[in-house]
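Asker: Sequence:
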Amino acid sequence: MSPDRPGGEGRAVPGSAGLSRPGLRGREAELERLRALVEAVRDGEGGAIALLLGEPGIGKTVLMQETVSIARAHGFVVSHGRAEELHALAPLASLASGLLHGDPPLLSSTDFADLAGHHDQRIWLVERLAQLIEERSAGTPVLIAVDDVQWADPLSRFALSVMPARLLSSPVLWLLTGRNDPEPYGQGPRTTTLPLRPLSDTALAELARDVLGGDVPTQVAELLDGAGGNPFLAAEMLTGIAASGAEAPEPPERLVLGVRDRLADLRPDTLHFLRIGSVLGRAFSLADAAALCGRPASGLSAEVDEARAAALLHDDGERLLFRHDLLRQAVYADLAPSVRRALHREAASRLVAAGRSSTDAVPHLLKSAESGDQEAIGLLGTAATAVIAVMPDLAADLAVRALELVPPHAPMAFDVGERAIVALTRAGRYTQARDTGDTLLARQPPLDVFARLQSVLGDALWHLDDVHQLTRRSTAALAAVTDPTIRARLTARQALARSRGRDLGAARETGERALAEAERSGDREARVLALWCLGEIALNAGDCAAAVEHHTALSVFDTAFLPEEAVARIHMDDFDTVRRLLRTAGDAPLRPAMLIWAQGTLNMGLGRLDDADADLVTAERLEADLHVPGNLVNIRVNRGLLAMLRGDRDAAREHLDVVRAAVAERPNTGNHAAHQYFEAVVTDADGDHAAAAELVRSAQRDHPFLRWRLLRPHVVQAVRIALRGGDRNLAEDLEAQVAEHATRNPSVPTVQGTAAHAAGLANADHGLLERSVRILLTGPRPLPLAAASADLGRALLTAGDPAATLALTRAHDIYAQAGADAEADRVRADLERATSRSGRRTGSLRPRPAQGWDALTASERKVARLIAAGHTNRSAAEALVVSPHTVNTHLASIFRKLSVRSRVHLARIALAEGDTATATGG
Numbered sequence: 014m015s016p017d018r019p020g021g022e023g024r025a026v027p028g029s030a031g032l033s034r035p036g037l038r039g040r041e042a043e044l045e046r047l048r049a050l051v052e053a054v055r056d057g058e059g060g061a062i063a064l065l066l067g068e069p070g071i072g073k074t075v076l077m078q079e080t081v082s083i084a085r086a087h088g089f090v091v092s093h094g095r096a097e098e099l100h101a102l103a104p105l106a107s108l109a110s111g112l113l114h115g116d117p118p119l120l121s122s123t124d125f126a127d128l129a130g131h132h133d134q135r136i137w138l139v140e141r142l143a144q145l146i147e148e149r150s151a152g153t154p155v156l157i158a159v160d161d162v163q164w165a166d167p168l169s170r171f172a173l174s175v176m177p178a179r180l181l182s183s184p185v186l187w188l189l190t191g192r193n194d195p196e197p198y199g200q201g202p203r204t205t206t207l208p209l210r211p212l213s214d215t216a217l218a219e220l221a222r223d224v225l226g227g228d229v230p231t232q233v234a235e236l237l238d239g240a241g242g243n244p245f246l247a248a249e250m251l252t253g254i255a256a257s258g259a260e261a262p263e264p265p266e267r268l269v270l271g272v273r274d275r276l277a278d279l280r281p282d283t284l285h286f287l288r289i290g291s292v293l294g295r296a297f298s299l300a301d302a303a304a305l306c307g308r309p310a311s312g313l314s315a316e317v318d319e320a321r322a323a324a325l326l327h328d329d330g331e332r333l334l335f336r337h338d339l340l341r342q343a344v345y346a347d348l349a350p351s352v353r354r355a356l357h358r359e360a361a362s363r364l365v366a367a368g369r370s371s372t373d374a375v376p377h378l379l380k381s382a383e384s385g386d387q388e389a390i391g392l393l394g395t396a397a398t399a400v401i402a403v404m405p406d407l408a409a410d411l412a413v414r415a416l417e418l419v420p421p422h423a424p425m426a427f428d429v430g431e432r433a434i435v436a437l438t439r440a441g442r443y444t445q446a447r448d449t450g451d452t453l454l455a456r457q458p459p460l461d462v463f464a465r466l467q468s469v470l471g472d473a474l475w476h477l478d479d480v481h482q483l484t485r486r487s488t489a490a491l492a493a494v495t496d497p498t499i500r501a502r503l504t505a506r507q508a509l510a511r512s513r514g515r516d517l518g519a520a521r522e523t524g525e526r527a528l529a530e531a532e533r534s535g536d537r538e539a540r541v542l543a544l545w546c547l548g549e550i551a552l553n554a555g556d557c558a559a560a561v562e563h564h565t566a567l568s569v570f571d572t573a574f575l576p577e578e579a580v581a582r583i584h585m586d587d588f589d590t591v592r593r594l595l596r597t598a599g600d601a602p603l604r605p606a607m608l609i610w611a612q613g614t615l616n617m618g619l620g621r622l623d624d625a626d627a628d629l630v631t632a633e634r635l636e637a638d639l640h641v642p643g644n645l646v647n648i649r650v651n652r653g654l655l656a657m658l659r660g661d662r663d664a665a666r667e668h669l670d671v672v673r674a675a676v677a678e679r680p681n682t683g684n685h686a687a688h689q690y691f692e693a694v695v696t697d698a699d700g701d702h703a704a705a706a707e708l709v710r711s712a713q714r715d716h717p718f719l720r721w722r723l724l725r726p727h728v729v730q731a732v733r734i735a736l737r738g739g740d741r742n743l744a745e746d747l748e749a750q751v752a753e754h755a756t757r758n759p760s761v762p763t764v765q766g767t768a769a770h771a772a773g774l775a776n777a778d779h780g781l782l783e784r785s786v787r788i789l790l791t792g793p794r795p796l797p798l799a800a801a802s803a804d805l806g807r808a809l810l811t812a813g814d815p816a817a818t819l820a821l822t823r824a825h826d827i828y829a830q831a832g833a834d835a836e837a838d839r840v841r842a843d844l845e846r847a848t849s850r851s852g853r854r855t856g857s858l859r860p861r862p863a864q865g866w867d868a869l870t871a872s873e874r875k876v877a878r879l880i881a882a883g884h885t886n887r888s889a890a891e892a893l894v895v896s897p898h899t900v901n902t903h904l905a906s907i908f909r910k911l912s913v914r915s916r917v918h919l920a921r922i923a924l925a926e927g928d929t930a931t932a933t934g935g
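Under our numbering, the first residue of the sequence shown carries the number 14, and numbering increases by one thereafter.
Because the hints were derived from the structure by calculation, they are not lab data.
Incorrect hints may appear among the rest.
Unchecked claim - Here are the simulated distance ranges between beta carbons:
hint: 1; residue 1: R485; residue 2: R662; range: 43 to 49 Å
hint: 2; residue 1: P497; residue 2: G780; range: 54 to 60 Å
hint: 3; residue 1: E562; residue 2: L790; range: 25 to 31 Å
hint: 4; residue 1: F570; residue 2: D479; range: 25 to 31 Å
hint: 5; residue 1: T590; residue 2: A698; range: 33 to 39 Å
hint: 6; residue 1: A300; residue 2: E562; range: 55 to 61 Å
hint: 7; residue 1: D461; residue 2: A355; range: 48 to 54 Å
Where is the CB? At the ideal position from N, CA and C, for every residue including glycine.
Please work from the sequences and hints to get the whole structure.
Answerer: Below is the structure:
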């Protein structure tokens with residue numbers, strides 16, 4: 014239905030006197046606020062969100078329709094759609110109802126078909142949809158209105174929760190109506206929430222005069238009290254009064270003088286037809302209603318005509334619609350519960366028989382299916398499989414409901430239960446997945462079924478960090494399994510569990526056996542698991558070349574694992590290959606958050622701290638959008654360490670608070686180790702060196718498998734912490750470990766240079782520090798070179814060697830270029846001591862301001878210039894060879910630092926700065 018057509022809240026009823034301002038009595042203040050938003054967006058003030066909230070019939074729809082009219086009058090392109098209660102399983106249906114209609118439509122059918130082809134990639138789909146809307150709004154403001162968002166399908170809800178913030182700099186106004194629950198749409202900036210309250214007595218009196226004309230009799234005013242200030246209910250009462258006078262019987266509870274009268278006057282066949290329609294939803298096709306009535310559609314013309322004449326239905330040319338959902342509810346409520354259930358079940362069967370998809374039938378099954386209904390169990394399972402990629406939570410709910418319908422001791426319970434475990438795991442509901450599996454296992458299934466269930470439970474146990482149970486269960490299942498495919502999967506999971514132990518050699522042997530079994534069985538899942546666990550084992554053991562070998566094989570086999578290959582190659586200092594990999598990731602990467610994490614890891618290696626921080630912010634935002642913050646601790650630890658390099662202790666402590674909360678909520682072993690190391694760095698900076706050294710020691714002692722995952726990039730700092738804490742044994746232990754790591758990785762300059770650096774610090778050996786600098790000069794990482802140069806310079810300065818100045822100058826310049834202001838300032842103090850002997854002085858770094866053009870980083874300036882020159886986010890990303898998600902992050906920072914709200918304002922500032930001429934320059 015196009016909501017611009019008749020049928021919204023508060024519309025005048027055909028044949029009535031009509032309202033001069035239908036539904037707008039008492040809503041003048043809200044309308045003016047909406048008009049002001051339309052004008053602000055039109056005038057280049059950026060995007061905005063308006064939420065109209067309230068009970069059914071309170072006037073939301075008619076306010077939306079009036080705002081649509083105002084926007085059209087101001088030259089907006091309008092998308093006006095409505096969510097339907099029974100269409101919640103169709104991905105993007107709620108948004109598509111408006112995007113594909115209009116004059117002109119906001120989206121072409123070709124554009125939408127392209128989006129639908131990627132419906133399994135939520136982040137890509139929403140980003141691409143935002144790009145299309147951004148491009149469309151470049152010359153014309155856009156209004157996107159969605160009525161009844163409480164019924165929106167999960168993918169539309171996801172898009173509506175993400176896109177308004179993404180398009181905040183574009184002239185796009187989002188207008189959403191719903192019940193009294195704004196989440197998740199009202200959390201962004203520039204959101205106006207308008208809760209619609211009951212009409213005042215004055216407004217009700219004006220409404221009565223609109224309908225009845227002249228003064229309102231006292232008796233009518235008393236009857237209107239029963240409407241509770243709800244304009245739709247009041248209008249229905251007034252319609253009834255206009256038709257039959259104020260002496261008619263008093264309506265029950267608040268409603269239905271007009272509705273009851275109209276229903277009572279209908280022929281029995283029409284009333285039955287309306288009841289069938291109420292089961293099918295607010296909007297339904299005549300063909301579906303005819304099928305459920307058991308009559309040909311051509312034989313229902315009299316019923317349709319009578320329902321329309323009674324102002325109960327509207328025909329939009331494609332479907333029949335109840336004029337208001339309250340009318341549908343009134344008809345639906347007249348059905349006995351058992352009749353409703355039977356009609357919903359019959360509706361599901363007839364929809365399937367007519368060739369409709371399971372997603373059309375399932376909403377009816379959820380209201381009607383009973384235990385043992387095998388057709389319902391099958392359809393729920395099919396629907397869960399259809400939506401799991403894009404709406405995993407919904408898929409989990411459907412799969413669980415299917416399992417609930419299976420009789421407790423039916424053999425099919427194990428197959429249905431297995432699908433439920435998989436869906437729950439995909440949705441991140443790991444505890445529920447484990448509990449579901451344990452309930453099934455308690456029924457003592459056959460041995461092969463036991464093994465299969467333990468295999469699918471392995472993923473949930475891994476995410477729950479329950480390595481002990483994963484080891485115990487996979488070992489028990491391997492003793493029972495006969496299916497070679499399940500055996501290969503179980504062996505891979507056993508290897509994965511052993512990767513968290515002390516004997517990584519045994520873990521590697523198990524992983525290699527798993528890979529051989531996977532190749533023999535030809536099972537894709539087993540092969541992916543085996544390659545991935547072998548890569549993890551290699552990283553845990555510090556064997557960079559083996560990690561690259563396994564992760565490259567995995568990435569070739571499944572491109573979703575390209576980020577793992579990129580990170581493994583970063584550990585090998587193979588930055589050129591990593592750049593090529595990231596450029597060839599394609600326009601629709603399957604795991605964008607992980608890909609941007611890899612980009613951030615590369616930028617940290619390159620010493621581009623501002624870019625690395627922007628990448629980490631972007632990765633965290635993408636994970637938050639998907640509600641799967643699996644990498645949050647690592648992201649915040651790295652952002653905290655970057656803040657320490659910059660000297661921003663307050664920001665570092667904010668990141669540490671987030672890490673503490675995340676670890677408390679999910680005490681993952683790896684998260685705990687990363688947390689301990691970060692605590693050590695902050696504690697050391699606060700002056701408690703002994704406590705900091707103990708934190709480093711505990712990370713080494715409690716999490717041996719993470720030794721090189723954690724300390725590989727930080728071992729020199731860990732040695733410093735040990736020495737400052739007076740723990741020479743720890744320093745020597747770290748030195749021995751890094752020497753062993755260098756032996757395993759002879760071709761990696763950073764590993765070799767870092768080993769020499771750590772040994773030079775631990776032994777106060779100038780020669781080793783000089784060797785470290787020589788090696789690191791051949792590698793791609795500037796920050797380890799700066800650290801080694803600084804320590805060498807300090808050692809030479811203490812010895813009175815004039816070569817100290819060269820080493821300290823190199824360190825200072827690298828740190829300053831990277832934006833590591835705290836380290837640069839420390840080196841500058843040493844450099845001043847060195848240069849004071851020759852009468853030279855070094856200039857101090859001027860801190861970057863927090864606001865204004867000078868507050869922008871180099872990358873932010875590039876983005877600002879491109880956007881000011883007319884680029885979209887997508888074209889700016891292509892020009893800079895970065896992700897559009899990263900451009901979004903830069904833009905949000907630019908707008909905050911410049912205190913602007915739109916691209917128009919940004920362009921003015923860039924023009925004033927004379928900074929748009931070299932759009933892709935530095």
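Asker: Please go over all the hints and tell whether each is borne out by the structure.
Answerer: Structure-based check of all given hints:
1. The hinted range of 43 to 49 Å is satisfied by R485 and R662, whose Cβ atoms lie roughly 44 Å apart.
2. For P497 paired with G780, a C-beta distance near 58 Å keeps the hint of 54 to 60 Å intact.
3. Range check, E562 to L790: about 28 Å between beta-carbon atoms, so the 25 to 31 Å window is met.
4. At roughly 28 Å, the beta-carbon separation of F570 and D479 lies within the given 25 to 31 Å, and the hint holds.
5. Judged by the Cβ atoms, the range 33 to 39 Å given for T590 and A698 holds: they are separated by roughly 35 Å.
6. Roughly 59 Å separates the CB atoms of A300 and E562, a value that falls within the hinted 55 to 61 Å.
7. A C-beta distance of roughly 40 Å is found between D461 and A355, which places it outside the suggested range of 48 to 54 Å.
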